[in-house]
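Use these hints to put chain B onto chain A, whose structure you have.
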Amino acid sequence: DAGVTQSPTHLIKTRGQHVTLRCSPISGHKSVSWYQQVLGQGPQFIFQYYEKEERGRGNFPDRFSARQFPNYSSELNVNALLLGDSALYLCASSRGTEAYNEQFFGPGTRLTVL
Amino acid sequence: GDSVTQMEGPVTLSEEAFLTINCTYTATGYPSLFWYVQYPGEGLQLLLKATKADDKGSNKGFEATYRKETTSFHLEKGSVQVSDSAVYFCALLNQAGTALIFGKGTTLSVSS
Numbered sequence: 458d459a460g461v462t463q464s465p466t467h468l469i470k471t472r473g474q475h476v477t478l479r480c481s482p483i484s485g486h487k488s489v490s491w492y493q494q495v496l497g498q499g500p501q502f503i504f505q506y507y508e509k510e511e512r513g514r515g516n517f518p519d520r521f522s523a524r525q526f527p528n529y530s531s532e533l534n535v536n537a538l539l540l541g542d543s544a545l546y547l548c549a550s551s552r553g554t555e556a557y558n559e560q561f562f563g564p565g566t567r568l569t570v571l
Numbered sequence: 661g662d663s664v665t666q667m668e669g670p671v672t673l674s675e676e677a678f679l680t681i682n683c684t685y686t687a688t689g690y691p692s693l694f695w696y697v698q699y700p701g702e703g704l705q706l707l708l709k710a711t712k713a714d715d716k717g718s719n720k721g722f723e724a725t726y727r728k729e730t731t732s733f734h735l736e737k738g739s740v741q742v743s744d745s746a747v748y749f750c751a752l753l754n755q756a757g758t759a760l761i762f763g764k765g766t767t768l769s770v771s772s
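Chains A and B, in that order, are what the protein sequence lines are. In this text, residue positions in the first sequence follow our numbering: the first is 458, and each later residue adds one. In this text, residue positions in the second sequence follow our numbering: the first is 661, and each later residue adds one.
Only chain A is shown next, with the shape it has when bound in the complex:
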């Protein structure tokens, strides 16, 4: 079975631009979470979606938004990019939202903002 897939792998943008990152969960998984990993730091939680509804939001500005589609894939959108948004963006999927459901991570999208 395919794991969590993310696209694109790498992305270079300039300040002020907008970016859309995509994630496809493992087949049968209904929950998708997004994390930001700045170089040298641990991942920080951005959003969790389950059955197309937002279930959790981390401490990120409103420039960050996301959605989940009927096929459970997800998009993360970031507006008005800042240099500090440069990071590895990780998507994780799980069967549900209960604590015992393992989160499986994708390889990430490396975003560079110039």
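Honestly, I wouldn't trust all of these hints.
Stated by the list, open to error - Below 25 angstroms or equal to it, Euclidean Cα-Cα: the simulated DMTMM-like pairs (lysine to aspartate or glutamate) are: (1) LYS716(B) with GLU729(B); (2) LYS720(B) with ASP744(B); (3) LYS509(A) with GLU532(A); (4) LYS470(A) with GLU702(B); (5) LYS712(B) with GLU559(A); (6) LYS716(B) with GLU559(A); (7) LYS728(B) with GLU676(B); (8) LYS712(B) with GLU555(A); (9) LYS716(B) with GLU668(B); (10) LYS737(B) with GLU676(B); (11) LYS720(B) with GLU559(A); (12) LYS728(B) with GLU559(A); (13) LYS737(B) with GLU555(A); (14) LYS764(B) with GLU508(A).
Hints in this document: simulated from the structure, not taken from any laboratory. The structure presented is a predicted model; accordingly, all values stated were derived computationally and were not measured.
Positioned in the frame of chain A, the structure of chain B alone reads:
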């Protein structure tokens, strides 16, 4: 708020040495605890977990015991291999069950 503190690296060891990476947490209640590993060029992988006090998680020779008295979840391995070289992250699941809270990561480098 919830937080995880783990020892800073890098940790440099010779093959077959004993490994300990310390991890302590601050959280409401008794959260599930995890160790994730990130090999060079790869995504995060769950290494082991423990969901309640005194539980011991184990996998691939690694172990960690959930100690509520000391709010700790230290990672240990009796004999490391070169292939264990990676970044290790300690994490907890928040009370709402919506987010993993990660430590900053510890880089392990094992030489032969």
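Let me make sure I understand: some of the numbered hints might not hold for this structure. Which ones are they, in numerical order? Numbers 7, 13 and 14 - these are the hints that the structure violates, sorted from lowest upward.
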